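Trainee: The lines below spell out each chain.
There are 2 protein chains.
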Amino acid sequence: MQTLTVELGSRSYPIYIGENLLSRTDLITAHINSQRVVIISNETVAPLYLEQLKLSLTEFNCQEIILPDGEQYKNATTLESIFDALLEQRCPRDSTIIALGGGVVGDITGFASACYQRGVDFIQIPTTLLSQVDSSVGGKTGINHALGKNMIGAFYQPQCVVIDLNTLKTLPARELSAGVAEVIKYGLLADADFFSWLEKNIEKLMQLDPQCVSYAIQTSCQCKADIVASDEQEKSGRRALLNLGHTFGHAIETGMGYGVWLHGEAVACGMALAAEFSARTGWLCAQDVARIKALLAAAKLPTSLPDQLSAKDMLAVMAMDKKVQAGKLNLILLEQIGTAVMTHSYDRALLADMLTQLTSPGQ
Amino acid sequence: MQTLTVELGSRSYPIYIGENLLSRTDLITAHINSQRVVIISNETVAPLYLEQLKLSLTEFNCQEIILPDGEQYKNATTLESIFDALLEQRCPRDSTIIALGGGVVGDITGFASACYQRGVDFIQIPTTLLSQVDSSVGGKTGINHALGKNMIGAFYQPQCVVIDLNTLKTLPARELSAGVAEVIKYGLLADADFFSWLEKNIEKLMQLDPQCVSYAIQTSCQCKADIVASDEQEKSGRRALLNLGHTFGHAIETGMGYGVWLHGEAVACGMALAAEFSARTGWLCAQDVARIKALLAAAKLPTSLPDQLSAKDMLAVMAMDKKVQAGKLNLILLEQIGTAVMTHSYDRALLADMLTQLTSPGQ
Numbered sequence: 001m002q003t004l005t006v007e008l009g010s011r012s013y014p015i016y017i018g019e020n021l022l023s024r025t026d027l028i029t030a031h032i033n034s035q036r037v038v039i040i041s042n043e044t045v046a047p048l049y050l051e052q053l054k055l056s057l058t059e060f061n062c063q064e065i066i067l068p069d070g071e072q073y074k075n076a077t078t079l080e081s082i083f084d085a086l087l088e089q090r091c092p093r094d095s096t097i098i099a100l101g102g103g104v105v106g107d108i109t110g111f112a113s114a115c116y117q118r119g120v121d122f123i124q125i126p127t128t129l130l131s132q133v134d135s136s137v138g139g140k141t142g143i144n145h146a147l148g149k150n151m152i153g154a155f156y157q158p159q160c161v162v163i164d165l166n167t168l169k170t171l172p173a174r175e176l177s178a179g180v181a182e183v184i185k186y187g188l189l190a191d192a193d194f195f196s197w198l199e200k201n202i203e204k205l206m207q208l209d210p211q212c213v214s215y216a217i218q219t220s221c222q223c224k225a226d227i228v229a230s231d232e233q234e235k236s237g238r239r240a241l242l243n244l245g246h247t248f249g250h251a252i253e254t255g256m257g258y259g260v261w262l263h264g265e266a267v268a269c270g271m272a273l274a275a276e277f278s279a280r281t282g283w284l285c286a287q288d289v290a291r292i293k294a295l296l297a298a299a300k301l302p303t304s305l306p307d308q309l310s311a312k313d314m315l316a317v318m319a320m321d322k323k324v325q326a327g328k329l330n331l332i333l334l335e336q337i338g339t340a341v342m343t344h345s346y347d348r349a350l351l352a353d354m355l356t357q358l359t360s361p362g363q
Numbered sequence: 364m365q366t367l368t369v370e371l372g373s374r375s376y377p378i379y380i381g382e383n384l385l386s387r388t389d390l391i392t393a394h395i396n397s398q399r400v401v402i403i404s405n406e407t408v409a410p411l412y413l414e415q416l417k418l419s420l421t422e423f424n425c426q427e428i429i430l431p432d433g434e435q436y437k438n439a440t441t442l443e444s445i446f447d448a449l450l451e452q453r454c455p456r457d458s459t460i461i462a463l464g465g466g467v468v469g470d471i472t473g474f475a476s477a478c479y480q481r482g483v484d485f486i487q488i489p490t491t492l493l494s495q496v497d498s499s500v501g502g503k504t505g506i507n508h509a510l511g512k513n514m515i516g517a518f519y520q521p522q523c524v525v526i527d528l529n530t531l532k533t534l535p536a537r538e539l540s541a542g543v544a545e546v547i548k549y550g551l552l553a554d555a556d557f558f559s560w561l562e563k564n565i566e567k568l569m570q571l572d573p574q575c576v577s578y579a580i581q582t583s584c585q586c587k588a589d590i591v592a593s594d595e596q597e598k599s600g601r602r603a604l605l606n607l608g609h610t611f612g613h614a615i616e617t618g619m620g621y622g623v624w625l626h627g628e629a630v631a632c633g634m635a636l637a638a639e640f641s642a643r644t645g646w647l648c649a650q651d652v653a654r655i656k657a658l659l660a661a662a663k664l665p666t667s668l669p670d671q672l673s674a675k676d677m678l679a680v681m682a683m684d685k686k687v688q689a690g691k692l693n694l695i696l697l698e699q700i701g702t703a704v705m706t707h708s709y710d711r712a713l714l715a716d717m718l719t720q721l722t723s724p725g726q
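These protein sequence lines are chains H and Z, in that order.
Mapping to the numbering used here: the first sequence position 277 is 277, numbers consecutive.
Mapping to the numbering used here: the second sequence position 246 is 609, numbers consecutive.
The following block holds chain H by itself, in its conformation from the complex (with noise of 0.2 Å):
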C-alpha cells in the first residue's frame, strides 16, 4: 500500500493506494470519531461493494442510503433525498458519512457531508478510476444544475481517501476510458515524462496490468495532491490549471444533457480542443497535437465533438464557466506537452471560428 498526503495544514489527509483496501478495518475506523456511520452509494456500486465495506464495519451503528446512478442525479432532488434520510435517521452531527462509489456519489455526498448540520466528517472511498484520481482529491463537492455543471457546491475536504485498486476489476470499459482522459490531462498539464510513459503503456493501463495502474494513479494523484496543496480553493490561479479540457468538456456534458456522455468522454473531446486551439493561437505545434490526439484515441476516447451541439450551444454555456472574471473566460491553454496555462488573452473570434468549423454544418 502506498499512502500519500494532501498537505492542508490542519485539514491534511492522507489517500491510501492498494489492493483489498476495503477490507482494511483498521485503515478505516482510524479516521472515524463516533460509533455513527452512514455509506452513500449507488445502485450499481452498492451490490458488488457495500457488504464487503459493511464486513470492515461491524463495530459501528452503519446505515447506508442508495442513490440511482448516473450524472444525471448529481443535482437538488437527489441531495434533497439525503437531507431527508440522514434526519429521519437522525444523524448527530458526529456521524462519519462515507462515499462508496464513482465521482457522482464523491461529489454529491461530500456536498451533503459539508452542509449536514453545517459539516460532518466523510471519507472517500472512489470506485472508479476517474474519481480514484480526480475528485476523490481535493475537497471538490457539489451538485449540477440545469444551467450548468457543478454550479452549487463547496470546498470541503475529506477525512481521507481509500482507493481499492480492486474495484477497477469490475469497471466497465467506458468508464476505464473515461478515467484514462484525467490520467493523460496530468500528463499534459504538468508533467511530459508522465504524458511519454503513458504513450508507451497505454495499452497495458487499458488492459489493467497490476502494476501500471498503481503506478499512474499514484502519480496522478501525487500530481493533485500538490497543485491542491498550493491553492485550495483556486484563488492564485494554479488550481484552475486541473480544468484543462473542463470548460469546453462543461459545455459537451450541459449541452448534450447530464450522463448522455460520461465525464471523462467530454474532458477528452474537451482536451483535443484546447489542444487544438492553442495550436490554432501558435503555442503548441501541429505534432504534438496530433501526439494528443493519438494518445487519447489509444485510450478509446472520443476527440470530436458530437453532433448535435453547435458552436452557439457550446459558446453559451461556455459564458457561464466559472473561470469567468470580470466578464472575460479564462481559458486553460497548452504552451506545450507538459505545461498549461491560464489565459484570458486570446482572440475570442478564432474560438468561434474553430467552434463553428468543429461542429456540425447547419446546426
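Treat the hints as calculated values from the structure; they're not laboratory data.
Some hints here could point you the wrong way.
Stated by the list, open to error - In the DSBU-like style, the derived pairs of lysine-lysine whose C-alpha atoms are separated by at most 35 Å in a straight line are:
| id | chain 1 | residue 1 | chain 2 | residue 2 |
| --- | --- | --- | --- | --- |
| 1 | H | K293 | H | K328 |
| 2 | Z | K691 | H | K54 |
| 3 | H | K328 | Z | K691 |
| 4 | H | K235 | Z | K417 |
Said to hold, decoys possible - Over 10 Å on every C-beta distance to chain Z, these chain H residues come out as not near it, computed from the model:
| id | residue |
| --- | --- |
| 5 | K54 |
| 6 | C62 |
| 7 | A76 |
| 8 | A190 |
| 9 | Q222 |
Unchecked claim - To give an idea of the interface, some chain Z residues facing chain H are shown, with a C-beta separation under 10 Å as derived from the structure:
| id | residue |
| --- | --- |
| 10 | Y379 |
| 11 | Q398 |
| 12 | F446 |
| 13 | D447 |
| 14 | P455 |
| 15 | R456 |
| 16 | Y479 |
| 17 | R481 |
| 18 | H508 |
| 19 | Q522 |
| 20 | Q585 |
| 21 | Q596 |
| 22 | K656 |
| 23 | A682 |
| 24 | Q688 |
| 25 | G690 |
On a predicted model such as this, the values are computed, not experimentally measured, just so you know.
Think of the CB as a built atom: it goes at the ideal place given N, C-alpha and C, for glycine as much as any other residue.
We have chain H already, so just place chain Z on it with the hints.
Mentor: Leaving out everything else, chain Z in the frame of chain H:
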C-alpha cells in the same frame, strides 16, 4: 459610527454600526471586488430600503432577488429559486451578493453565497434588531428542514456587516421584542453588568432611545464577535454557549411550524425554560429565575410554552439538536446570571418532568 472587528485571521471583517449607513457608498463599495452585485431582500424590506441602497451602488451592475417574507420560506425551495435567478442572470464567481433584511434573508443569502459556484463574496445588511445583534455576525448560514431548524447550512463569513440603526424605525413592535430577546441573551450568558444595565434601561430600549439602542447593539455584537473569534466552528464548545435558550426554542419553532412564533420569541421562552431547569438542577437561585422572567416580560416576550406543544413533542425535536454528541444532548444552562455552561451531566428524568409540568395537561 462605530467599527468592531470579528477577528478570524485572513477572514476577519468589520461590523459597522451607525445611522444612515445605507447611504454610505464609500463604506459598502470598499468591500465589493467586481462590477456585479446582487441584492437579496424580501417583500417587506425591499419597498422600505432597496432604493436607498441601490442609490449607493449606482456604479455597479446591480440586480435584485426578492423573496417572500417569513421563517417558513427559509427552505430548500427558496434556496433553489435563488440559484435559478443567479444562473439566469449569469452571475460570475466574482459577483458580490448583499443580504438586505432580517435573519431569514441573511441566513439563506449567506448559505446561497457559500454554495453558489462554491463560494462568492457576500455582505450582510441586517435590518431587524435580531439580525443586527445575532444572525448577521459570525458566519452561521443555512436553511431549515421539515425535521429540524438550521439543519442544512455552512459556516461562511461575510466581507462586512453594515448595521444601519435607522432601519429599526420601521420595525414592528413584535419583531423589536424578538430582537431584545437575543440582546438579553448576551447579558445572561456572559455579562452580568450588561444584564443589570438592561434591567434599568429596558423601557428606553423598547422606545428606541438612540443612545440605548446603539449601546445595546454594540455590546451584543462585541460579545458575539469575541466568542466567534475564539471558536468559529463551534468545536471547543464556547460558541455553543450562544445557543442559550435555543434548544428549547428550536423545539418550539419546529413543533409549532416555522413562522408561527418568531425566532426571538421562541428563544425568550427557551431562556426562561433553561433558567427554570438550571434552578431545578440546583444551579440558579429562584430570585435570579424571577429576574430573568421579569426582564423578558418587560420586553413583551413569552416565558411559558404554547398550549399546543406536549412534552413528548418537545423532547422528540430536542433529540435532533445539533449539540447531540455521542448520543447525548448537551444543554446550555446557567450557573448564575452572566455565566452559562454547556453540559450533558443533567438529570434527564428531571427534564422530562419539568416539560410535562410546564406543558398543558392532556397534551
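Trainee: Each hint should be assessed against the structure and marked as holding or not.
Mentor: Checked hints:
For the suggested pair K293 of chain H and K328 of chain H, the alpha carbons sit about 28 Å apart, so the restraint of at most 35 Å is met. With a CA separation close to 25 Å, the supplied pair K691 of chain Z and K54 of chain H stays within the 35 Å bound. With a C-alpha separation of about 52 Å, the suggested pairing of K328 of chain H with K691 of chain Z is violated against the 35 Å cut-off. With a CA separation close to 29 Å, the supplied pair K235 of chain H and K417 of chain Z stays within the 35 Å bound.
With a closest Cβ-Cβ approach of about 21 Å to chain Z, K54 of chain H is found to remain outside the 10 Å limit, as its non-interface label requires. No Cβ of chain Z comes within 10 Å of the Cβ of C62 of chain H; the nearest lies about 15 Å off, and the non-interface call holds. A beta-carbon of chain Z comes within 10 Å of the beta-carbon of A76 of chain H; the shortest separation is about 6 Å. For A190 of chain H, the condition that its CB be more than 10 Å from all CB atoms of chain Z holds, with the nearest at approximately 22 Å.
Every beta carbon of chain Z lies more than 10 Å from that of Q222 of chain H, the smallest distance being close to 24 Å; the non-interface claim holds. Because the beta carbon of Y379 of chain Z sits about 26 Å from the nearest beta carbon in chain H, more than 10 Å, this interface hint is broken. Because the closest C-beta pair between Q398 of chain Z and chain H is about 7 Å apart, less than 10 Å, the hint holds. The interface hint given for F446 of chain Z is met, as the beta carbon of that residue sits about 6 Å from the closest beta carbon of chain H, less than 10 Å.
About 8 Å separates the beta-carbon of D447 of chain Z from the nearest beta-carbon of chain H, less than 10 Å, and the hint is met. Because the closest C-beta pair between P455 of chain Z and chain H is about 4 Å apart, less than 10 Å, the hint holds. A distance limit of 10 Å between C-beta atoms decides the matter here; for R456 of chain Z the minimum to chain H is near 5 Å, and the interface restraint holds. Taken as an interface hint, Y479 of chain Z checks out: its beta carbon lies about 7 Å from the nearest beta carbon of chain H, inside 10 Å.
For R481 of chain Z, the shortest C-beta to C-beta distance to chain H is roughly 5 Å, which falls under 10 Å, so the interface hint holds. Here the hint on H508 of chain Z is kept, as its CB sits about 6 Å from the closest CB of chain H, short of 10 Å. The interface hint given for Q522 of chain Z is violated, since its Cβ lies 15 Å from the closest Cβ of chain H, which is over the 10 Å cut-off. For Q585 of chain Z, the interface hint is violated, since its Cβ never comes within 10 Å of a Cβ in chain H; the closest pair sits about 24 Å apart.
Satisfaction of the interface hint for Q596 of chain Z is found here, the shortest Cβ-Cβ separation to chain H being roughly 7 Å, below the 10 Å cut-off. At about 31 Å, the closest approach between the beta carbon of K656 of chain Z and any beta carbon in chain H exceeds 10 Å, and the interface hint on this residue is violated. With a least beta-carbon distance of about 7 Å to chain H, the hint placing A682 of chain Z at the interface is held under the 10 Å criterion. Given the 10 Å rule on beta carbons, the hint for Q688 of chain Z holds: about 5 Å separates it from the nearest Cβ of chain H.
With its C-beta approaching chain H no nearer than about 7 Å, G690 of chain Z sits inside the 10 Å limit, and its interface hint holds.
Taken one by one, the earlier hints fail for this structure at numbers 3, 7, 10, 19, 20, 22, listed in ascending order.
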